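Student: Each chain is listed here by its residues.
There are 2 protein chains.
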Amino acid sequence: MTSNEALEALRDIVGSSQVLPAADAASYLKDWRGEFEPAALAVVRPADTDEVARVIEACAEAGLAVVAQSGNTGLVGGSAAGDAQREVIVSLERLDRVREVDVDNATMTVEAGCILADAQQAAADAGLYFPLTLASKARCRIGGNLATNAGGLNVVRYGNTRDLVLGLEVVLADGRVWHNLSGLRKDNSGFDLNDLFVGSEGALGIVTAAVFKLYDPIVQQVVALFGLDDPADAVVLQRRLIAASGHNLTGCELMSRQSVELACAHIEGCDKPFAREYDWYLLAELGSSAEGDWLPAIMDSVVARAKYENRLRDVRIATDAASAIRLWHLRESLPPAQVAEGASIKHDISLPVSKLPTFLSRALPAIKQALPGVRPCPFGHVGDGNLHFNLSKPAGGDDSAFMAESEHAHQVVHDIVVDMGGSFAAEHGIGRLKVEALARYKQPVELDMMRAIKTALDPDNRLNPGVIVPKL
Amino acid sequence: MTSNEALEALRDIVGSSQVLPAADAASYLKDWRGEFEPAALAVVRPADTDEVARVIEACAEAGLAVVAQSGNTGLVGGSAAGDAQREVIVSLERLDRVREVDVDNATMTVEAGCILADAQQAAADAGLYFPLTLASKARCRIGGNLATNAGGLNVVRYGNTRDLVLGLEVVLADGRVWHNLSGLRKDNSGFDLNDLFVGSEGALGIVTAAVFKLYDPIVQQVVALFGLDDPADAVVLQRRLIAASGHNLTGCELMSRQSVELACAHIEGCDKPFAREYDWYLLAELGSSAEGDWLPAIMDSVVARAKYENRLRDVRIATDAASAIRLWHLRESLPPAQVAEGASIKHDISLPVSKLPTFLSRALPAIKQALPGVRPCPFGHVGDGNLHFNLSKPAGGDDSAFMAESEHAHQVVHDIVVDMGGSFAAEHGIGRLKVEALARYKQPVELDMMRAIKTALDPDNRLNPGVIVPKL
Numbered sequence: 001m002t003s004n005e006a007l008e009a010l011r012d013i014v015g016s017s018q019v020l021p022a023a024d025a026a027s028y029l030k031d032w033r034g035e036f037e038p039a040a041l042a043v044v045r046p047a048d049t050d051e052v053a054r055v056i057e058a059c060a061e062a063g064l065a066v067v068a069q070s071g072n073t074g075l076v077g078g079s080a081a082g083d084a085q086r087e088v089i090v091s092l093e094r095l096d097r098v099r100e101v102d103v104d105n106a107t108m109t110v111e112a113g114c115i116l117a118d119a120q121q122a123a124a125d126a127g128l129y130f131p132l133t134l135a136s137k138a139r140c141r142i143g144g145n146l147a148t149n150a151g152g153l154n155v156v157r158y159g160n161t162r163d164l165v166l167g168l169e170v171v172l173a174d175g176r177v178w179h180n181l182s183g184l185r186k187d188n189s190g191f192d193l194n195d196l197f198v199g200s201e202g203a204l205g206i207v208t209a210a211v212f213k214l215y216d217p218i219v220q221q222v223v224a225l226f227g228l229d230d231p232a233d234a235v236v237l238q239r240r241l242i243a244a245s246g247h248n249l250t251g252c253e254l255m256s257r258q259s260v261e262l263a264c265a266h267i268e269g270c271d272k273p274f275a276r277e278y279d280w281y282l283l284a285e286l287g288s289s290a291e292g293d294w295l296p297a298i299m300d301s302v303v304a305r306a307k308y309e310n311r312l313r314d315v316r317i318a319t320d321a322a323s324a325i326r327l328w329h330l331r332e333s334l335p336p337a338q339v340a341e342g343a344s345i346k347h348d349i350s351l352p353v354s355k356l357p358t359f360l361s362r363a364l365p366a367i368k369q370a371l372p373g374v375r376p377c378p379f380g381h382v383g384d385g386n387l388h389f390n391l392s393k394p395a396g397g398d399d400s401a402f403m404a405e406s407e408h409a410h411q412v413v414h415d416i417v418v419d420m421g422g423s424f425a426a427e428h429g430i431g432r433l434k435v436e437a438l439a440r441y442k443q444p445v446e447l448d449m450m451r452a453i454k455t456a457l458d459p460d461n462r463l464n465p466g467v468i469v470p471k472l
Numbered sequence: 001m002t003s004n005e006a007l008e009a010l011r012d013i014v015g016s017s018q019v020l021p022a023a024d025a026a027s028y029l030k031d032w033r034g035e036f037e038p039a040a041l042a043v044v045r046p047a048d049t050d051e052v053a054r055v056i057e058a059c060a061e062a063g064l065a066v067v068a069q070s071g072n073t074g075l076v077g078g079s080a081a082g083d084a085q086r087e088v089i090v091s092l093e094r095l096d097r098v099r100e101v102d103v104d105n106a107t108m109t110v111e112a113g114c115i116l117a118d119a120q121q122a123a124a125d126a127g128l129y130f131p132l133t134l135a136s137k138a139r140c141r142i143g144g145n146l147a148t149n150a151g152g153l154n155v156v157r158y159g160n161t162r163d164l165v166l167g168l169e170v171v172l173a174d175g176r177v178w179h180n181l182s183g184l185r186k187d188n189s190g191f192d193l194n195d196l197f198v199g200s201e202g203a204l205g206i207v208t209a210a211v212f213k214l215y216d217p218i219v220q221q222v223v224a225l226f227g228l229d230d231p232a233d234a235v236v237l238q239r240r241l242i243a244a245s246g247h248n249l250t251g252c253e254l255m256s257r258q259s260v261e262l263a264c265a266h267i268e269g270c271d272k273p274f275a276r277e278y279d280w281y282l283l284a285e286l287g288s289s290a291e292g293d294w295l296p297a298i299m300d301s302v303v304a305r306a307k308y309e310n311r312l313r314d315v316r317i318a319t320d321a322a323s324a325i326r327l328w329h330l331r332e333s334l335p336p337a338q339v340a341e342g343a344s345i346k347h348d349i350s351l352p353v354s355k356l357p358t359f360l361s362r363a364l365p366a367i368k369q370a371l372p373g374v375r376p377c378p379f380g381h382v383g384d385g386n387l388h389f390n391l392s393k394p395a396g397g398d399d400s401a402f403m404a405e406s407e408h409a410h411q412v413v414h415d416i417v418v419d420m421g422g423s424f425a426a427e428h429g430i431g432r433l434k435v436e437a438l439a440r441y442k443q444p445v446e447l448d449m450m451r452a453i454k455t456a457l458d459p460d461n462r463l464n465p466g467v468i469v470p471k472l
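Chains A and B supply the protein sequences, listed in that same order.
full-length UniProt numbering puts the first residue of the first sequence at 1, with every later residue one more than the last.
full-length UniProt numbering puts the first residue of the second sequence at 1, with every later residue one more than the last.
Each hint should be verified, as a subset may be incorrect.
Note: identical chains are not told apart, hence a pair may lie in one copy or across any two.
Said to hold, decoys possible - Taking lysine-lysine and the BS3-like style, the derived pairs with C-alpha atoms no more than 30 Å apart in a straight line are:
hint, residue 1, residue 2
1, LYS272, LYS137
2, LYS471, LYS30
3, LYS213, LYS307
4, LYS213, LYS137
5, LYS442, LYS346
6, LYS346, LYS471
Rather than coming from a laboratory, the hints here were simulated on the basis of the structure.
Small disclaimer: the values here were computed from a predicted structure and weren't measured.
Let the hints inform the model, and build the full structure from the sequences given.
Tutor: Rendered as C-alpha cells:
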C-alpha cells in the first residue's frame, strides 16, 4: 500500500478534515523540551474509541506505526514521532469527555483527550476531588498522564496516577478494544492488566479512557516553610508530619539554596523567605477533607519538637490561603527560574526517602568535580524520594558548551543513583530520551521481560516503536 | 530424566531432609476448603531465594511443573497441586524472615514464607503499622497474600495487598531472579512488572520477597453498628463517613439479618445487638494515627444527619476498645457460623459500591427462586463493593443435596454480577476453582492477553499449570 492509499483509508474513517499532513501539523510535531525534532507522515484525529480502533487497524494493514498523543507536554519525547514515512500520530484530543461521575462509588470515567484541569473541575462540580495535579495541568491531557504514570505534587498523600486508576479502556495493537471501565475497587479475576498499561507510554496499547478514584475536597490546611541546614532533617520532618497528621501530608517539597536564589532573582512575586539564607528549604502542606481545625496544632507540635532538637533553623507557617499560595509560588517558580537562568541539565531520580541525604552527599561533590563551576539546583518531592537533580550552567557560562556536557553529567548522577538502588526515571518516564539509559542500567532479566511482554502484546512493534523498550 | 533422578537433583540442592515424598507431606497436600484433593510428586523446602532459583531450574530440566506454596490457606485451590507425577510443590515456609524495616522510608522487606501476623508484629516493633489483615493472619503467609492480592478488612482505607507493594524479588520460570527490592515510591523506568506478579497466583513467577509500604499505628478510633432497613442506606453512610472523616473509614462491613442470626445462634459471645432485628446491619470503624479525639464527634455528626433523614433505625457506638471488640466479634463470627450451620455455597463478588443495592434487589429474588428454601447470608466489605454472597442450605436440609446445586447457584449469581459489570472473583482469586468461570465470563480479548503474557513469561507452562489461565 502506498502512503497515499494509506492516508485515503484513514480519511475514510475519520473524515478528510481530521487527517493532517505533517506540513499542517506543527503543534503535534513539537517536542516540549526541544530535545527532538519529531517527524510523521500525518496526524489523525479520531472522534471516539471506535474510530481509534479502526485507525489502528488501518495503520496495521498499511504497515504504519502509531504514536498516540494527547497533550504532547511530556518531558522525555514519548509522543515525539520519529519517522516521516512510516509513523502516524494518532491524536486523542477529540476524545475529551468526562463520561461519568459516580458519586456513591467516588469514581469518574474520563477520556484520554480530556485536559487534566477539566477533569479536576468535573470532580469538583460533583462535590469530589481528583488529586492528580501537575504544573502543566491546563495543557496536559489524561491520556498522557496515564501513559507516563504522572506524578506531581500530591503523590505523597494520594499516590501516582497508577494509584488512582480503577480501570481502563484500551485499543490494542490489532485494533481490538479491551473494555474494563466498571470501576471496581476489588477484582482478582485474572492478571492485573490495568497497571501494565499505565506507564507503558503507548507501547502496549492506546488507552482511550479510564476510571479514576476520587477523594473529598480539602477543607482544612496548613502550609509551612522550613529553613534547614541538613536534608536529613527534611527526611525526619516528613516522616513525623505523616505520622502526626494521620497520613495527611499533602505536599512535601525540598528546595536547595541555589534553586531558591534563582527563583527570587527571576520570578515575580518570589521574595527571600527568611532574613538569612539556608542551605535547604522544606515546604510542607498538611490537608484534610475532615471538618475541623486540628492540623495547625499538629504542625505546631512537630515544629516545637524539631526546634527543641535543633533540627530546624527557621519556619514560616501559613494558615490562610493567601499566605499558603505565596509559599507555594516559590516552589512553583523553581522550574521557570532555571529556564530563565539559561542552560540546565536535568535529572529525575528517586531513592528510598531514607537514602536521599546520602545520595546528596555523594552526588553534589561528584558533579561539582565533573563539571567545574556547575550550580546544582536540586529540588523536588522529598516525601516520595524523588528529586529533580537539575544543574544550572556556571554563572555567565555558555549554554551550548554546558549542554555538551549532558551525557557526562547524566552518567555521573545516574551511576550513583543506580549504585544506591535508585531510579534514573522516577516520574517523567523513559520515552525516547532515556531508552539507552534503560538498556544500560536495567538488569538483563528485566529487559528480557519487557521485550517479551512488548512482543506478546504488540508482535509487529507498531505501537510507539523506539519508545520505552530498548531494541534488541 | 526419571522421577527418582529428579528428586535426587532436588535433594542435592536443598538437602535430603527438605524433599518430602508426597506420603509424608499431608499438610501441603490439603485444600483449605476441601474442594480439591491435591497431588504432587514431592514437596521441596528451599532455604533461601538462591535455592528456590536452583530448584526451579532443576525442575525445568527434569520437565516438572512447580506449584509455589506458602501458608496454603487460599480459598480457590491456587496452591493445590494437581499431578502426582509431574508437579512439585515448592514450599516457601523457610523463607520467613523480615529482612529489614526502614523507618525513615516507612517500608518493610519481608520474605514470602513469613506469617502475616509476624510481619504485622515486625512493623509494630518498629513503631509502624502494616495494615494488611485477614481472618487467617496467624496462619497465612506473605507469599500467598501477594499471589492472591489479598484483600481483607482494611481495604477501604489502605487498599489491597497490591496497593501496599513497592517492589518484589521474583524467581522466573527459567530460574533467573529479578531483584527489585529498592523500596522506591516513584519509578517510571519501564513497564510496571510488580503489579503484574502480584495476584498472578504463582503462574508468572515465584515471589520470594516484597517491600511493603508501612503506615502509622491507629491512636484514635470509634466503632459503630447500625440497624438498617435498606442496603442503599449503607452505601450513603459509607460515602459520608469517608468524606466526613477525611478518608479515615478503616472498616465498613455490611451484614444481612440471616448472617447475624446464625452468628448469634452458633458462636459464643455473639448477642443480638439491638432489642429488635433489622434486615441489614452496618459495622463502621473510623480510625486515625493522628493524635486527637475528633473521630467520635464526626461519627456523631454522620449519625445525627442519618437519623434526621430516617436512614437508620438504630445505632450502637463503641468508643472504648472492649465494646469495639464485641462489635467486631459479631462480624468475625459470620463465616464460622455458616460453617456450623452446615452446607454453604459461596460467592465472592464485587460491583461499584453504588450498584450493590441494585445487585441485591436482583440477586436475592433470583436465588430464592432458583433454590427454594435457600437462606442467603450476604455480608462483606461494602466500602469496597465486595460482598460474600453466601447461601446457607434450607433449614434442616441435606448438605450434599444442597451442594449439588452449587453450579446452578454460581451461574444465577455470576450471570447477574457480570451483566452489571461486576467481578465474580473479587478478593479470593481464580485458582483452580474459578478457572472455568474465567473462561466463560471474560472478554476474549482479555483472555488472549492473559495467555500471551503467560506464554511470554512461562513459555513451557511450568508454573502452576491449570491455575488462573484457562487452557486454549
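Student: Hints first: check each against the structure and report whether it holds.
Tutor: These are the hints, each one checked on the structure:
no.: 1; hint: LYS272 to LYS137; verdict: within (27 Å within a copy, 53 Å between copies)
no.: 2; hint: LYS471 to LYS30; verdict: within (24 Å within a copy, 47 Å between copies)
no.: 3; hint: LYS213 to LYS307; verdict: between (38 Å within a copy, 28 Å between copies)
no.: 4; hint: LYS213 to LYS137; verdict: both (18 Å within a copy, 28 Å between copies)
no.: 5; hint: LYS442 to LYS346; verdict: within (20 Å within a copy, 44 Å between copies)
no.: 6; hint: LYS346 to LYS471; verdict: within (24 Å within a copy, 48 Å between copies)
When each numbered hint is compared with the structure, no violation occurs for any of them.
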